[in-house]
Every structure is written in structure tokens, then in C-alpha cells.
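Peer 1: Order-wise, the sequence lines are chains W and H. For the first sequence, our numbering assigns the number 887 to the last residue and increments by one with no breaks. For the second sequence, our numbering assigns the number 887 to the last residue and increments by one with no breaks.
None of these hints come from the bench; they were simulated from the model. Glycine included, every Cβ here is placed at the ideal spot set by N, Cα and C. One or more of the hints may lead you astray.
[To be verified] Mimicking PhoX-like on lysine-lysine, the simulated pairs with C-alpha atoms at most 20 angstroms apart in a straight line are:
| id | chain 1 | residue 1 | chain 2 | residue 2 |
| --- | --- | --- | --- | --- |
| 1 | H | LYS269 | W | LYS731 |
| 2 | W | LYS548 | W | LYS188 |
| 3 | H | LYS345 | H | LYS318 |
| 4 | H | LYS269 | H | LYS318 |
| 5 | W | LYS706 | W | LYS724 |
| 6 | W | LYS706 | W | LYS620 |
| 7 | W | LYS805 | H | LYS724 |
| 8 | W | LYS190 | W | LYS164 |
| 9 | H | LYS885 | H | LYS859 |
| 10 | H | LYS548 | H | LYS724 |
| 11 | H | LYS197 | H | LYS186 |
| 12 | H | LYS318 | W | LYS732 |
| 13 | H | LYS748 | H | LYS731 |
| 14 | H | LYS345 | W | LYS805 |
| 15 | H | LYS731 | W | LYS805 |
| 16 | H | LYS269 | H | LYS376 |
| 17 | H | LYS805 | W | LYS724 |
| 18 | W | LYS642 | H | LYS642 |
| 19 | H | LYS620 | H | LYS706 |
| 20 | H | LYS197 | H | LYS548 |
| 21 | H | LYS269 | H | LYS296 |
[Said to hold, decoys possible] Only part of the chain W face toward chain H is listed, based on derived beta-carbon distances under 10 angstroms:
| id | residue |
| --- | --- |
| 22 | ARG131 |
| 23 | ARG563 |
| 24 | GLU564 |
| 25 | LEU625 |
| 26 | GLU670 |
| 27 | ARG681 |
| 28 | GLU758 |
| 29 | LYS805 |
| 30 | ASP817 |
Here is what each chain is made of, one letter per residue.
Number of protein chains: 2
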Amino acid sequence: MSKWVYRFGQSGADGDATMRNLLGGKGANLAEMSNLGLPVPPGLTITTDVCTYFYDNDQNYPADLRDQVQQAISQIGEGVGRCFGDAANPLLVSVRSGGRASMPGMMDTVLNLGLNDDTVKGLIDLSDDPRFAFDSYRRFIQMYSDVVLGIEHHNFEEILEIFKEENGYILDTELDNEDWEGVVDKYKAKVVEHLGKAFPQDPDEQLWGAISAVFGSWQNARAVTYRRLHNIPDSWGTAVNVQAMVFGNMGSDSATGVAFTRNPSTGEKAFYGEFLENAQGEDVVAGIRTPQHLTKTAREESGASAPSMEEQMPAAFKELTQVFQKLEGHYSDMQDIEFTIQRGKLWMLQTRSGKRTAKAALKIAVDMAREGLISKEQAVARIDPEALDQLLHPTLDPDAERDVVTTGLPASPGAASGYVVFTADEAEQMRAQNKDVILVRIETSPEDIHGMHAAVGILTARGGMTSHAAVVARGMGRPCVSGAGGLRIDEAAGTFTCLGRTVGRGDLITVDGSTGQVMWGAVPTIKPELSGDFATVMEWADDLRELKIRTNAETPADVQVAREFGAEGIGLCRTEHMFFDADRILAVREMILARDEAGRREALAKILPMQRTDFEEIFKIMAGLPVTIRLLDPPLHEFLPKTREEIEEVADASGMDLERLRRRVTELHEFNPMLGHRGCRLGISYPEIYEMQARAIFEAAIAAGKSTGRAVVLEIMIPLVGMKAELDTLKKHIEQTAKTIETETGEKVSYLIGTMIELPRAALRAEEIAESAEFFSFGTNDLTQTTFGISRDDSTRFINDYLEKRIMERDPFVSIDEHGVGELIAIAAERGRQARPGIKLGICGEHGGDPDSIQFCQKMGLQYVSCSPYRVPIARLAAAQAKLKAQ
Amino acid sequence: MSKWVYRFGQSGADGDATMRNLLGGKGANLAEMSNLGLPVPPGLTITTDVCTYFYDNDQNYPADLRDQVQQAISQIGEGVGRCFGDAANPLLVSVRSGGRASMPGMMDTVLNLGLNDDTVKGLIDLSDDPRFAFDSYRRFIQMYSDVVLGIEHHNFEEILEIFKEENGYILDTELDNEDWEGVVDKYKAKVVEHLGKAFPQDPDEQLWGAISAVFGSWQNARAVTYRRLHNIPDSWGTAVNVQAMVFGNMGSDSATGVAFTRNPSTGEKAFYGEFLENAQGEDVVAGIRTPQHLTKTAREESGASAPSMEEQMPAAFKELTQVFQKLEGHYSDMQDIEFTIQRGKLWMLQTRSGKRTAKAALKIAVDMAREGLISKEQAVARIDPEALDQLLHPTLDPDAERDVVTTGLPASPGAASGYVVFTADEAEQMRAQNKDVILVRIETSPEDIHGMHAAVGILTARGGMTSHAAVVARGMGRPCVSGAGGLRIDEAAGTFTCLGRTVGRGDLITVDGSTGQVMWGAVPTIKPELSGDFATVMEWADDLRELKIRTNAETPADVQVAREFGAEGIGLCRTEHMFFDADRILAVREMILARDEAGRREALAKILPMQRTDFEEIFKIMAGLPVTIRLLDPPLHEFLPKTREEIEEVADASGMDLERLRRRVTELHEFNPMLGHRGCRLGISYPEIYEMQARAIFEAAIAAGKSTGRAVVLEIMIPLVGMKAELDTLKKHIEQTAKTIETETGEKVSYLIGTMIELPRAALRAEEIAESAEFFSFGTNDLTQTTFGISRDDSTRFINDYLEKRIMERDPFVSIDEHGVGELIAIAAERGRQARPGIKLGICGEHGGDPDSIQFCQKMGLQYVSCSPYRVPIARLAAAQAKLKAQ
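Using the sequences and the hints given, assemble the complete structure.
Peer 2: Okay, structure coming up:
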């Protein structure tokens, strides 16, 4: 016989806190508190296995469940000296859901269950308070009808309002017991009106109705959506807790409240919470009465007049503080607690780890480690790396007024104010005049990069969280709101309209990339602070982690930011980003339009000194740390104008032959540029391009080495290799260039040559590729695209659909798909090591900043992850946690 | 000590025919003939290992090579009683290249080597014929200078011409010995003029010069290109044969000739060949004199007057026919032979398997099997499957005159004549008037499919052998010439120009897709004949093979052709091709433009009866054989117009709202459509599309089953699956549709649901996918695209470059890349079988018709391959050969 039901209460419990998966969070903690000897009203937990069984068996229960529940209810009754359904001495219970993770959208709570026209009389006798009994009964009818019978609560609230109006009452407390009895009758009539049958009087029917409502709510729309957004598997299921009622509404010596053992907003070590006298749980939530403070200090600080619990109920308060200390000591974490005081006696209804802000999380972790409550490892393990993102960017002053124009997707965190511009060139011009600008585009493309750099924030009408704008903005640390659907941009007129309002070029707006809000005017922001607890946690994390953290960056500004955030090298320096700068794009286009190699070499000669300067600056900032430079990757047509109008504009401005330009654009057009003439394929078709880049790199390395006195740790990376012969061909060219420069300068540069592993074939053929490659860097963006056959730029069309329908559990462009892409990484790592033991392995691409992916990298034994500058601290923490989990 | 040199000759040989890899084809066969006791002038073969050593060691030879050569040369001299370099009794030798495969572009032959100013006197004494001796000397100087010293032969031919003119001679035979001696002096002076030094007089220097020229020619441009085109690895290398000279130019009782043991053109069992009296080998090739026939019959048939060898030299002829019989019996194959008769004595200089036409190959194989010379298995193994292609299509009458306008790539075999049209719509209109048309386009796209169907041939200005036009034309069996570079199409004027000529709309032209030629006017063609030997070989192949052969086809016409070619089912019926028909595209576009599901369903209802009719016809033709239908695959924008002009045109013609059409085109635009919203992703976003298709399929199956009396063997295939959940979702919909139809009609349809494996992730997750998929069909086109990260449509840009630079050995879109894509197929097959033992596995996509890929499929244990109708016979034969090789 399976055990479907676990009991808990003052005499101990069947379960404990470790049984969270089976009993849910609430049930496991009720059991744990019972075992600790805390005053917990007795109850039972129906396990999550029953939920699974319920859905696997067409919403039927295991055969022996009813017996187990009945037996446990009897024991609860015995514990409190009552009997469920007994008219004279009725046991009343609450029914609550409780999964592994707390989850809004689930059926929450039914209180006072077991009341009916008979037992209410017993409750009158027992409490000697008919008003309390009828008040409890009417609450029960309303709650039960709402969550179990599907009759919305406003139906009942209306009845009460009308009753009060008719009788000239203002407050609920003005109703006497007969009034409440009358209200109960009207409530019952309302149920008949809705259902065509009476409110269930049989306590057993009530109980099973409530239990089924909990299990049923596991699959309601809100719960399903919540699970999708928070990656909670359907298979987890929920538990149901049935617990003997205690009453906070039994007079002025009764109360109910919620509390935190520390301040969840600041992390300060001080009890924090509120209570309501003579009230039941839902009154606190409902917000009809203003709750009172828990401590005297808090009351005084807020200037409130109503006495604190410390003052009003000193004995219960003292007991409560002892419970606080016991629980925090036991759980080694800040607790979020619910309690009830029934006629002066404290009862504990719930404890759990309290939610907190990022700032509070850091402070609590550091404080507790210093108090000796937890180890440094635990402190590090406890911080959600993603939450740090809040702290790394400027945020809007929470007290400032906001005039929200529209809301899009929170595509890149941080907030910024600036003047509206509509093109990348405008952005650069305004920036040159020291003006902050917000770049507003329908969507961005690689040609906008210089404008995105010049802007303090980006706003797009189209594109998802992984659109070009979003990815690039996150990489640069620029706030970005993408896919603001309501936006209509009229570039010609220099305006955009939104919800009927028009914003023009030069108008001041604020974007908040953390929330997706776009606001009129400049909203004040608060700067991030990275010292104190933040710095302490980072330091502890660095001591723990094995994975090195590098950054993906190519501008000196970004490289500098990354260094300050603790990057230990560059994992991906994308040389093509340097090609888009206004002063270079002309030479780049000349190169592309050249009729032959000689013409290309002529144009490349103009680019060489600029690339050399770029590299030299980067090498100087990263002195002594490794720098991985990827040679030119995108297809050449990305550097050319696209539309008829743009082509004419470029021809006009540059003096290039319009017809030739047009023809070249047509020639270079590709159906699937992602799978086209790019990456190392360019290097093979036009060896002179890679030769120029290699020369710029080597010359810069020699110069930077001299000026810093530290040799540059240089890694040259060949993109999009699928065949060993590609790498061999290009490696030979680069080595040749190195030799030429050695001969010219008499200086020897040391360097490694490696390759991206970003094609399935490269992963499969890693053994032979590693014979030539001195390192692998997993380009998981492209590897995900090719493994899934999904273009990231086009996937927003259907990926959301997939996530909603649960066809995908997670967006594979956000977190590495361990089963598909991950297997290719594992294959490549294993085969690469076979050919070259100890081969340097790392990952670049967006996944390098994703904590789950970082954990996967740790498991694969990679040496480093590389991510955008603003993700570096997140990666440092995540890497430490990954190491802890691996132990 | 390594053995670098192998001897052969009348006293036997060191090697034999099995040592082809080491000795080259020529050397191995000379050794084999020696062992058979045939009259072979003694000689030596320097092995291909020396060639490998030569290139591995900076063009140096193994230290002990010279000694081995010298020793062997001495032995050769001993055998014929001469001595190399001896002025009185000189041994003369020929030097010839000879690799594993015969290869034009290599240095071919130097004859009479060893002659110099001294030895020529010895030769006069020995032959008693000064004219012969000086003629031999001048031939040697010219040949050696040309192929070893790099002085082109026309330099010497000019000298001879001038000499003849000055002396009033017309024929070479008019020169006497002194004339020839004078010519030799002039030749030597020419060498001094070119090189600044004398023609080498040292026989050893001559010998090593010639040997090095052979090895050096292995890497000359022509040889490299030839190897690339014929997939001959660089690593094979060539051997060098040095052989004692015998002379066919020692008077009228001497001769030289070439012969085949059967007719290489028709396959007829009759000796076939020609000879020249008093001549050396190169005279036959040079074509200055008309050679005589070998047999009397041949002479009489051709009406020639010069006597045949049978008549002129009956003794030598008799000996030769005995050699023919011996060799054919020994090699069990038709032989291609070179011989020389020196003063009445027959010498064998070469034997090898003779090249033959496809028709001859079939006849010879069938005849030999019937003669008991070879087994049926050998007969089947011996036919080159690719060669069959010649026989399956109409060919140009070889006797007809051709006025060639231009030459492009031979993209799809066969020849056809028709009137020029420039658009698919025109093609359809003309076809409706029963006119044959040739569709001429810059390049084709999916919208042209109906026009390609309507045309009898296709000509494009752009695109390679794997361009859209080429692939689709091959699939349809339409002749196609692609990438005709010289073509300039002026669609507006309705003309194309080429090499200065203009061809207009409605002009009659002929395209020959087997050669790439485009001709003015209608050139008569010859119809293919598929009975007789062809049918016999096919029958034998069918008895042998294990792999089933299916076809990729969707029009009743194509399905019918495939059936006649022996297809055993349909492996890929692409339903989208049915969407492009002129009468449907409007409804398809309505569906795409619909605002909501209801609108889409309304449009789909119009397509349903048409799809049902399509399927019913196909099912009837394939009665009792399996039919795999792939649900809609391409992105929806493929069905919409693209350019501004086309959009306006469509809006005009269809009455659709221009703005809405334009917006939808923009919305649906994708950066990488190959990786976009297509395949099963469409079925998930718009379940109603697949539902309509499933309904059409099931209803057609019921109707066809009734009318043929044989149940349809139905396989429904879901494209582009990467995740099991995709398949599960769609499988449920299809099963639901089947149930609905069962309820409606009371008929039960049986069917399988399976999936394409065309994404790396699908291959890796094959085990879980096979839990739901009842069959796998490997879509190797897309699998190659994603595994390599190469778009087939865009790859012509660089794949040629890759092949030329030997970065790729073969185009992976032609032959499966066994190491990369192949490993994924192996993984998928293994994992698929793990979950579902005996799961049906097949391959569709172009590779299904490629013999090498078919061999791979046999190795993988697939059940069938599916290819375009015209490849079916090729696949049948290749499958039999694959099975034989596997044994």
C-alpha cells in the first residue's frame, strides 16, 4: 500500500523539510516545524504523487486515498479534541495547495471548512461567540463558492454591501450575530441561484470538493503560464495540506500576521512584518484594514500610531521572536512566516525562505556568513546570479514620477534618458556634440552598430529578446526596449506615434530596459554600486570557481568595462564590428567592389593601420591576459547597402559607380547568408583579407608588448571551420605572415591558432581538427542554429509558440540545449582531447553569460566562458555555483 | 632496402596485374602479360611509392633508386643483347607514365631514348638503315624537347616544313638519310637557341630527365584538374615505365597499331582496330596518315581500299588474334591493346580494359555472361551506373548538323528542341497550345516549377550543377543547361544574346543537357531504348540487390515514368509542388493572407478537393506499393510574389488588397528561410494546413483503395522535426483527423506516421523520436546543409573554389559526406533501432540517386533509397553493386 498521506502537528510529523518534492514546500516545512516542537496546528499533507496519479488516471484518485485521509482527519480531531462533521464538537480545517515551488495561479486557500447549518451551532457553543461563528460561516461560504464552485466572490460582497446599506452600517463590526446569520442565509440563496442546488452541507463532500479544486487548479491557464515562464515542469505536481483551523478572529486577544526574520528589501538584520488583531488570514491580504507593525522600532520609524505587536501583545511577541531565532538558526536563511494568535496562544501556519531584492540577498548572505550561520560557500550558492543584473546598471529612481508612453520587451537592462534620433548616423553626430541620444529603429541591423554605440539607449518597434538589437545592446551594456508593438515610426517625418501620442526627433525620452517601459522626458536614475557586499560576494566566488571568465568585446570602452567587472581576458573579439565604423566602411566597400586581388589589397592597405590601432589599444588594456581575436566572419554583403534607395545614397556619397555597386550587391545576394559565403570561407576565397588582419594583429602585439612590457597572450581564431583542410590552409597563411613580420621587424610573436566549433560537422570531426587547432571555442549561437536548423533572427515567429505549447521547455538561444547541442559539445571536447590532450576549450556566444549554460560548461570541463561585459559578474558568480554543484 | 623497381619481359616479371596500386595500370598489365608468356619487350616499372616519396621529400628520390634502375636497365640490355649508352650496340628505351587510373594531362611518352650523336651511328649499323636511324633520332629530339625540356613541338615542325618547302618535298618519305641528318642538326640548334645549351647527349641524363618529367607532370595544372573532376586522390601518385624499344618504323614488314577485342561503340563481338605500316606509335595518334583496318570484314564494310592487316600481314594477324583471345579470356573483359610489329615480329606494348559506350558496356556484359566468360554478378558489377544516364534520355542524332549558340553546364541529361519562352506562365500557355517550349531564365526559383513542367527543356544563365534549375530539372527528367555564362537575357525585349547572336521569343532552339550545348533550330534526336541488354542487366541487378528503390515524385506523369523505370514506391511526394499550380496558387495566397484561422480554413477548403485528386491519381498508379507523402514544407513566403513589381502584378490580377499583400510579404520575409518558419513548424503554427492535407490524403486513400481493389500503403511524413514533442503534437492531430474520417465514412485507413531526419538534432535525438516515429527518411539535402552550415543555393560561390584547392574531395551535395553527415546517419540509425527495432529507414533527397551514396546506404542497412524518376534504373544497378561490394 502506497503512503499518500503524511501527518504533522505538535506531536511530531511523518515527514520533514527534505521531503519537499513529495510534500511540497508548505507541507515539508509544516512537518519540519512540527519536528522542531513549534506550535503547529495538526494536519495532513496529500502528496504530489497523488497529483501525478490524478492526471495520469483521467482525474481519478488512488483507491486507498480516501481511507488514508479519513484516518488522518480522525487523528487530527483526536489531537485537538474535536471531530470532523460532529455537530456538537466540530473540527474545522483549512485546505491549501503547496507545490515544490510556490506558484501564483493555483487555488490558494479555503478556511473554516467543515462548517454547515449544524456544525455552526456547535462552533457557537464551543466559542461562546455566535457572531464569530456566523462570521466564520459566511467567510467559508464565500471562499468555498469562489474557489471550488466557481461563483465569483463579488456576488457575495455585493450582498454584504447592500445589507450594510439597508441597515445603515458602515463597518463589518457593526453587524451582530443575527445580522450575520441573515447574511449567511442570503449567501446560501445566492449559491442556489447560481448552481440550481444548495451549498454542500456534507463536510466530506466539502473536503473532497476543495481537494479536487487544488489538484484541478494545477492545470488552469494561469498556473500553466506561470510554470512556462519559470521553467517549472508539469510533472512536479502539487500537494494538498489539510490543517485544523486556529482562529485569529476570536476577539481582541486573537490576531493573524506575516513576518520576515530580516528586512527583505534592504537585508537589514531586524524583524519585519505586520499583523491584524481579531482577523483571519485573508483580511491581511485584502487590505481593507491597515495592519499594525510588528516591532516598536518599526512603528516609531514609520510614525504610525497604532501599537506594535511588541507593545500590544508582549508575551506572544516574545514567543514569536524566539520562534524567529529558532527557525533562522535551523534553516540558516531568512524566513517568511505566517502565524495566528488564538486567544493569546501563538500558532505557526507557515515558514519558508523569504523572497528578497538582489541588494538584500547580498547583504543577508554576507551578514550570515560573518555571523557564522552559513559558510562562504553557502553564501555564494544562495545568490541568484541573474538577480545581480539589477545591480549592474543604472536604475530609475523608484520615487520619480513616470509618464509611460509605451511598454515593450525588457531586452537589455538599465535605464537611460536621451534625445530621440532615428538613424545611426544622426546618433553619431549628436554624440559628437556631447548629447545623449536614444536610437529609435523599426529593427536594427549590423550597419547600425556605430549608432548603437553612440546612443545611451535603444528602442525598436520589432524583434524579440534575442533580436539583433537585444543581443547587441546586451553585449554593449546599453539599455534596450525591443518589440514595442504599438510604435509606428515615420522616419521621413522624424516622428513616432504610440497610443495616440507623437514623439519627434530631438524630444527627450527615457527607456528602462529592465521593465520595457518607455517614458516621456528624463526620469532620474540611480547609479549602480559595486563595492561592499557585492564586492565581498564576488571575491568569495572568485576563490571558489575553476572556470575562467572572459568577455566578448572589441571596443576599448567595452574592454575597459569588462576589465572593471573582472574579466580575465577576451574570449571573442569580433573584428568585423571594427569594419562598420564610419571612417572605415568606405575602404571596406572599396575592397568588396575591387575587380581583382590587387584592387582588394589596395583597399585593405587603408584598413590595416586602423585595425592595428584597434588591436593595440585592446592589447594594452588586457596586458598579460589572453585575447582571442576572431578573423572576419560575416558575409561581405553585410557591408553593402541593401535597398535601391540606400544603394543610390551610397553611390552618391562615395562617388562609386552606381551600376557597379548595384551589380555587386546583386552578385553577393544570398538566400541564406547564415549558411553562405562567410567565416573561413572568405579567408579561403580572399586570402588577402585574413593576411591583412593577421598583419594588423601581429604588428599591434609587438607594439603593445613593448609599451606595456608584458607579452600579449594572443589567440587567433578561425571562424566557421567544418573541415580540417580549411583550417590547415588558413593556418599556413597566418604562419607565413608571422614569419614575414619576424623577418621585417626582427621580433618574434608567440601566438596560438584555434578555431570556433560552431558547426555540427566541426564537432563530429573535432579529432582531426584538433590536430591543427591549438584551441577550440564553442560558438554556441551558430551551433544552436545549425543543430536545430533554426535561424535566430527568424525564430521569434514560432519559438514563442513552441514555448507556450510546451514543445520546447526553454529557448535554446538563451540556455544551451544540453541534449542536442550539448551532446555535440561533449563529442567535440572528447575527440578534441583525444588528438590534443589538454587542448584549451572555451565558449563564446550569448550562452557564456547564462548561469545554466555555465553549469553545463563546468560539467564539460571547459577552461573558460566568455560573455558580454555586463554579464561578467553574473558569470563569475554562476561559475562558482557551478563548481559547488559539481562537488 | 625498399624495392622501388619491378622488372618485366619475356622471361616473366617481378609483379602482376594485382599490383596496380604500386605499379600503375600500365606497369601491372605489362607484368601480367609477361607472366602469360606474351611477347613483351623487357622493361622496368618505377613504383608509385617513388612518386609519393618524391613529393614528400621536396622532389628528391630515395637514395637507392638510381642503383636499382641502373641494375634493371643492364638486365633489360642483357635480355635483348644491347647496352644502354653503348655507341656500337645501343639499347634504346621508351619512358611512359602510368598511374592507377589512366589520366590525360600527364606526361605521356618519350620514345627512342638513349639516342645521341654516337649511338645513332650504332643504330645505323644495327638496322642497316640510316634513314630509319636519323628519323628515330629527330623524333626523339622533338618529343624529349617538348615534354621534358619544355620547347613546344611546333618549333620543330616548322623546321621540317621549311626544309621540305625549300627542297620541294611534299611527303616525309621523300627525305633521304642525309636530309634527315640535316634536320637533326637544325633541331639541335633550335634546342641551343631555346635553352642556351646543347641537347643532352648523355643517355643517363636523358633517362633521369624523362623520369623526373613524368613525376613532375603529376602535379601540373591539367592533371590536377582532371583528378579533381574524377575524384582521383593526390596520394595515388604515378609509376614510370622504362621499356626496351621495338620499332614499327623499320620498313614495310613493320607496323604499329591499336585494337579492341570487341567493338567499343556497339559492343559487337568482333575485333576492332587499326594499324599503320612502317610507323611509330605517335603517327597513329597524329592522324597524318590514314590508318588501315584490322580485319577484312571491317575493311569491306567501310569500303576502304587499303588492305587490312588480316590481308597484308596474315601471320602477325593470326598471332594477334590468338593474343586477343588469350587476354580476353584471362582478364574476362574487353581489352584495349597497343602493339608493334618489328620486321614481322609481334610485340605487345599495352593491354587494359577498354573504354566503351554505355550501350556497348551492356551488350558486352550480357554477351560475356552468356558466353560463360563472366558470372551475372560480374556483369552487373561491371556497368558504370552513371553511364546508364546516357541511355535514359533522348540524345542528339550524332549525324545531325549542329549550329552551337553557346555551351553551359550539362545540368540535366537529355536533349530537346522547342520554342524559346522567358517566363513560366508563357511556358504554360504555349504548352496548352501543344507547342514544345524551352524555358530560358536567368535562374529559376520555386515559382517557376509549373513552367519547368510545361517546358521540354530548360536553359539558365546562372547556377551550377546543383542549382535550383539543375536539381529540379533532373528530378523531372527535363534536359537542362545551366550557368550558360555568355547569355544575356533581356526579358523586356523578349530576347537573349550570346556571342553576338540574338535569339528571340518563339525562336526554335535545341538544348543538350548531356553536353551543355545550346543549338540554333531543331536538331533531330534519337529515342532511348530500354529493352534488350538494358532490361536483362536490370533484371539481374534486381535479383541481386537488397535495397528497395523508390522515387521522389508528385505529378502523375512523373510517377508514371518512375513506375516504368521500376520504382517500387514513392519515397518522397512533396505536397508543396502541388500548391504552385496556376489554379491553386490563388487559394494558397488567400490562405496566407487570411486574418485568422477561420479565414485560413475557408481558403484551405478550396485546396482540399484538388489535393485529394492529386493523391488519388498517385495512389492508383502506385497501387499496392508504399507511398510516402511529406506534409507542407517550404516557408509560406515562397508562395507570395517578391519584388515590388510582382506584388503589384499579383494584387492587380487577383484583386487582393495591395497594401495587405505588401505588408504580409514584409512580415513573412526571413533572413535565412532555410532555417526559418517551415516544415513541421508550419504545422504547429497553423494546424489547419496539415489537417487539410491529412484529410485529402485519407479521403484519397479510401477512394483509390476502392477503385484499385488494393489498399494504399500509406506513410505520412512530417518534415524538419528536431524535437520529439513536435512530432507528438502533429501525430495527435493527424490521428484525430483519421478518426474523424473513420466516423464520417465508416472506412478505416491504415497508415504509418514517420519523420524526415534532416537536422543534426533529430539524428542525435533519434532514440526518443523513434518512440513516436514509425519510420525515418533521411533528408540528406537539408542534413548536409545544416551539418556543414552551407546553403546549397549559395554554395556555388565557393564550393568550386574548395574543390579546386582540394579542401573538399567531393561536393557533399552530390555524394554523401560519409565522415560528417554519414556519422549522423549512423547515429540516427543506431538510436532509432534501439527504440524501435526494425524501424523502417530510407533516404530521400538527391543523394538517393548517387551510386556512392547508395553504397553508403547499403552499409548503413537502410531498407530503401528514393531518387528522381530518371535516376531509378541507375539506383537499381548501383544497389545491386553495393550489395555485391558488401559481400
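Peer 1: Could you run down the list of hints and mark each one as holding or not?
Peer 2: Now the hints, each set against the structure:
no.: 1; hint: H:LYS269 - W:LYS731; result: violated, 57 angstroms
no.: 2; hint: W:LYS548 - W:LYS188; result: violated, 67 angstroms
no.: 3; hint: H:LYS345 - H:LYS318; result: holds, 12 angstroms
no.: 4; hint: H:LYS269 - H:LYS318; result: holds, 17 angstroms
no.: 5; hint: W:LYS706 - W:LYS724; result: violated, 35 angstroms
no.: 6; hint: W:LYS706 - W:LYS620; result: holds, 10 angstroms
no.: 7; hint: W:LYS805 - H:LYS724; result: holds, 13 angstroms
no.: 8; hint: W:LYS190 - W:LYS164; result: holds, 17 angstroms
no.: 9; hint: H:LYS885 - H:LYS859; result: holds, 10 angstroms
no.: 10; hint: H:LYS548 - H:LYS724; result: violated, 28 angstroms
no.: 11; hint: H:LYS197 - H:LYS186; result: holds, 14 angstroms
no.: 12; hint: H:LYS318 - W:LYS732; result: violated, 61 angstroms
no.: 13; hint: H:LYS748 - H:LYS731; result: holds, 17 angstroms
no.: 14; hint: H:LYS345 - W:LYS805; result: violated, 88 angstroms
no.: 15; hint: H:LYS731 - W:LYS805; result: holds, 15 angstroms
no.: 16; hint: H:LYS269 - H:LYS376; result: holds, 18 angstroms
no.: 17; hint: H:LYS805 - W:LYS724; result: holds, 13 angstroms
no.: 18; hint: W:LYS642 - H:LYS642; result: holds, 15 angstroms
no.: 19; hint: H:LYS620 - H:LYS706; result: holds, 10 angstroms
no.: 20; hint: H:LYS197 - H:LYS548; result: violated, 68 angstroms
no.: 21; hint: H:LYS269 - H:LYS296; result: holds, 15 angstroms
no.: 22; hint: ARG131; result: violated, 56 angstroms
no.: 23; hint: ARG563; result: violated, 33 angstroms
no.: 24; hint: GLU564; result: violated, 35 angstroms
no.: 25; hint: LEU625; result: violated, 31 angstroms
no.: 26; hint: GLU670; result: holds, 4 angstroms
no.: 27; hint: ARG681; result: holds, 5 angstroms
no.: 28; hint: GLU758; result: holds, 7 angstroms
no.: 29; hint: LYS805; result: holds, 7 angstroms
no.: 30; hint: ASP817; result: holds, 8 angstroms
In the structure shown, a violation is registered for the earlier hints numbered 1, 2, 5, 10, 12, 14, 20, 22, 23, 24 and 25, in ascending order.
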